[in-house]
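Colleague: The chain contents come next:
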Amino acid sequence: MDLAALKTQLKNFVQSMFEEGVLDNQFSQIQALQDSTNPNFVEEVITLFCNDAERIINEINRNLGYQNVDFSNLDSYVHQLKGSSSSIGANRLKLACANLRQASDERNKEGCLQALQLITCEYCLLRRKFQALLHLERSIVELETNQK
Amino acid sequence: MGMAIDRDDTQFHVLAVDDSLIDRKLIERLLKTSSFQVTAVDSGSKALEFLGLNNNDADDDEEDEQRDSNTESVSSDEDQDHQDLGLGVNLIITDYCMPGMTGYDLLKKIKKSSSFKDIPVVIMSSENIPSRISRCLEDGAEEFLLKPVQLSDVNKLRPHLMKGRSKDIDSSHKTTSTRLITSGN
Numbered sequence: 001m002d003l004a005a006l007k008t009q010l011k012n013f014v015q016s017m018f019e020e021g022v023l024d025n026q027f028s029q030i031q032a033l034q035d036s037t038n039p040n041f042v043e044e045v046i047t048l049f050c051n052d053a054e055r056i057i058n059e060i061n062r063n064l065g066y067q068n069v070d071f072s073n074l075d076s077y078v079h080q081l082k083g084s085s086s087s088i089g090a091n092r093l094k095l096a097c098a099n100l101r102q103a104s105d106e107r108n109k110e111g112c113l114q115a116l117q118l119i120t121c122e123y124c125l126l127r128r129k130f131q132a133l134l135h136l137e138r139s140i141v142e143l144e145t146n147q148k
Numbered sequence: 001m002g003m004a005i006d007r008d009d010t011q012f013h014v015l016a017v018d019d020s021l022i023d024r025k026l027i028e029r030l031l032k033t034s035s036f037q038v039t040a041v042d043s044g045s046k047a048l049e050f051l052g053l054n055n056n057d058a059d060d061d062e063e064d065e066q067r068d069s070n071t072e073s074v075s076s077d078e079d080q081d082h083q084d085l086g087l088g089v090n091l092i093i094t095d096y097c098m099p100g101m102t103g104y105d106l107l108k109k110i111k112k113s114s115s116f117k118d119i120p121v122v123i124m125s126s127e128n129i130p131s132r133i134s135r136c137l138e139d140g141a142e143e144f145l146l147k148p149v150q151l152s153d154v155n156k157l158r159p160h161l162m163k164g165r166s167k168d169i170d171s172s173h174k175t176t177s178t179r180l181i182t183s184g185n
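Protein sequence lines correspond, in order, to chains A and B. UniProt numbering applies: residue 1 is where the first sequence begins, and numbers increase by one. UniProt numbering applies: residue 1 is where the second sequence begins, and numbers increase by one.
Bound-form chain B, shown alone:
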């Protein structure tokens, strides 16, 4: 039986996505004040890049076929690889209105990904549009926060992160090899 030690279990890692420089600075400070580790990017495509999702889908299928022939616990190994690529992201918080890829587009892409669909996604918006809010929640967002985001809103995120963390622990118990990965700090 093996053990997977692949990230700092004491800190949650949040990926924040916002095209506004000020909002990025604010959300980063709010998250750090709440003891989260933060990576802030300015677009949906940069977020996908950080997670290792850009143009990877085609490659994944080929890797799958290779792997199937040699290893046992294939799916969890692959999931682990992607998780490592994403440097153990426990939650994604994204602005809704962004040029190019909106926060909603990003939500959809993440929920379509086999590796990342279980990462909780939270959407922020400066506009209180009920139809927008319900659409995001129906399509998988855990929470919808109205801007400007407050410290009390950030405190609401913790339960979602705890949920994500226990899933990590479950899947890591399934891997059969010993892995020592340093998550780039």
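Same shape as in the complex, but just chain A:
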């Protein structure tokens, strides 16, 4: 596939993520911060985000595994995940965090477990799409480098 076609494919792919509500405008802001002086910015941010999100989801899982759940601890984790999601433009994941926040506020363990399932689901979907996105990005960079 040629460079122009790849770029179009990437653009359409990101657009579809916007349309599905998986990503919001904040992600465009991040893309706009990538330039020749910072050619890997998007990849770096996505990598940081995924590592962070996985760490937090694991912690929340662990927390909810206890007989007596420490809800204030849980609050702190949800806040972090919601913040990161918002910063990268992960719209649906951010909304899923709001669910967990609510259940945690109500000290509703069962509700929290359900909300966590949704979060995990949304995160896995997002990660899959990010991986596809990065694959496209890398192919583009490779082609551009070869053409020089």
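Hints are computed from structural coordinates only; laboratory data are not their basis. Remember, predicted model here, so these are calculated numbers, not experimental data. Note that the Cβ used here is the ideal one computed from N, Cα and C, for glycine as well. Heads up, some of the hints might be wrong.
In silico contact screen, one side only, chain A against chain B (beta carbon under 10 Å); selected entries [what the hints assert, rightly or not]:
#: 1; residue: E20
#: 2; residue: V22
#: 3; residue: Q26
#: 4; residue: Q29
#: 5; residue: I30
#: 6; residue: P39
#: 7; residue: F41
#: 8; residue: V45
#: 9; residue: N58
#: 10; residue: H79
#: 11; residue: G83
#: 12; residue: S84
#: 13; residue: I88
#: 14; residue: G89
Covered by chain A, per the in silico footprint, the following chain B stretches (three or more residues, Cβ under 8 Å) [stated by the list, open to error]:
#: 15; region: 21 to 28
#: 16; region: 145 to 156
Per label pair, the in silico range of CB-to-CB distance [said to hold, decoys possible]:
#: 17; chain 1: B; residue 1: L151; chain 2: A; residue 2: R138; range: 21 to 31 Å
#: 18; chain 1: B; residue 1: S134; chain 2: A; residue 2: Q147; range: 47 to 57 Å
#: 19; chain 1: A; residue 1: A4; chain 2: B; residue 2: E49; range: 49 to 59 Å
#: 20; chain 1: A; residue 1: I140; chain 2: B; residue 2: T33; range: 51 to 61 Å
#: 21; chain 1: A; residue 1: Q147; chain 2: B; residue 2: T33; range: 24 to 34 Å
Please arrange chain B on chain A, whose structure you already have, making use of the hints.
Modeller: Showing chain B alone in chain A's frame:
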């Protein structure tokens, strides 16, 4: 009459404080894109450490008494020392919600410091809580930005930095010795 050449006058230096790795990366990129020099730290206490404020208050009083007996323009010399320690920070931008010391706590400490109270402080938060916002603004924050921070928000910071810069120039004209300091780049 002397001249104080102690920092690169062409670039503003912003100290960014945020416990979130992603947010730190973003704010750093936003600030650098706007041609600011950036130091990013992950906590209020690290910010104070960078400025040279941690546990220094007691020591300062002793130094004051020593100095008073020998030099003329004491207060501006001391201010200059602290400014140099802080490596010429022109603005502090901090997250509100951080473990340990919140951004609000940091704001209060900076406003209480004789050396740093004139540095503009901007607070960021992911939560839009009016009472929180007004409290920060009343207690000395120049701006309160809602996260995620945009490039347009960063552009709003420039006037505050210009304000801080003209104060620097005023106080540096008061020093009577020639000082050549390299601000660690």
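Colleague: Take the hints in turn and mark each one as holding or not.
Modeller: Each hint, compared with the structure:
1. Contact between E20(A) and chain B, as hinted, is not supported at the beta carbon level, the nearest pair being about 20 Å apart and thus beyond 10 Å.
2. Here the hint on V22(A) is broken, as its CB sits about 16 Å from the closest CB of chain B, past 10 Å.
3. Annotation: Q26(A) was flagged as interfacial toward chain B, and the flag holds, the nearest CB pair being 5 Å apart, inside 10 Å.
4. Checking Q29(A) against chain B by beta carbon gives a least distance of about 6 Å; that is within 10 Å, so the hint holds.
5. Nearest Cβ of chain B to the Cβ of I30(A): about 7 Å, under the 10 Å cut. The hint holds.
6. Look at P39(A): its Cβ only gets to about 13 Å from chain B, farther than 10 Å, so that hint breaks.
7. The interface hint given for F41(A) is met, as the beta carbon of that residue sits about 7 Å from the closest beta carbon of chain B, less than 10 Å.
8. A hinted interface residue such as V45(A) counts as satisfied when its beta carbon comes closer than 10 Å to some beta carbon of chain B; here the least separation is about 6 Å, so the hint holds.
9. Because the closest C-beta pair between N58(A) and chain B is about 16 Å apart, greater than 10 Å, the hint is violated.
10. Taken as an interface hint, H79(A) checks out: its beta carbon lies about 7 Å from the nearest beta carbon of chain B, inside 10 Å.
11. For G83(A), the interface hint holds, the least distance from its beta-carbon to any beta-carbon of chain B being 5 Å, beneath 10 Å.
12. The interface hint given for S84(A) is met, as the beta carbon of that residue sits about 5 Å from the closest beta carbon of chain B, less than 10 Å.
13. Interface restraint check for I88(A): the shortest CB-CB distance to chain B comes to about 7 Å, inside 10 Å, so the restraint holds.
14. For G89(A), the interface hint holds, the least distance from its beta-carbon to any beta-carbon of chain B being 8 Å, beneath 10 Å.
15. With 5 residues having a beta carbon nearer than 8 Å to a beta carbon of chain A, the region 21 to 28 of chain B meets the requirement of three or more and the stated coverage holds.
16. A stretch counts as covered by a chain when three or more of its residues have a beta carbon under 8 Å from one of that chain; for the region 145 to 156 of chain B and chain A the count is 4, and the coverage holds.
17. Checked against the hint of 21 to 31 Å, the C-beta distance between L151(B) and R138(A) comes to roughly 26 Å, which is consistent with it.
18. At about 55 Å, the beta-carbon gap between S134(B) and Q147(A) stays in the expected band of 47 to 57 Å.
19. Between A4(A) and E49(B) the beta carbon distance is about 51 Å. The supplied range of 49 to 59 Å therefore holds.
20. The beta-carbon spacing between I140(A) and T33(B), approximately 22 Å, falls outside the hinted interval of 51 to 61 Å.
21. Judged by the Cβ atoms, the range 24 to 34 Å given for Q147(A) and T33(B) holds: they are separated by roughly 27 Å.
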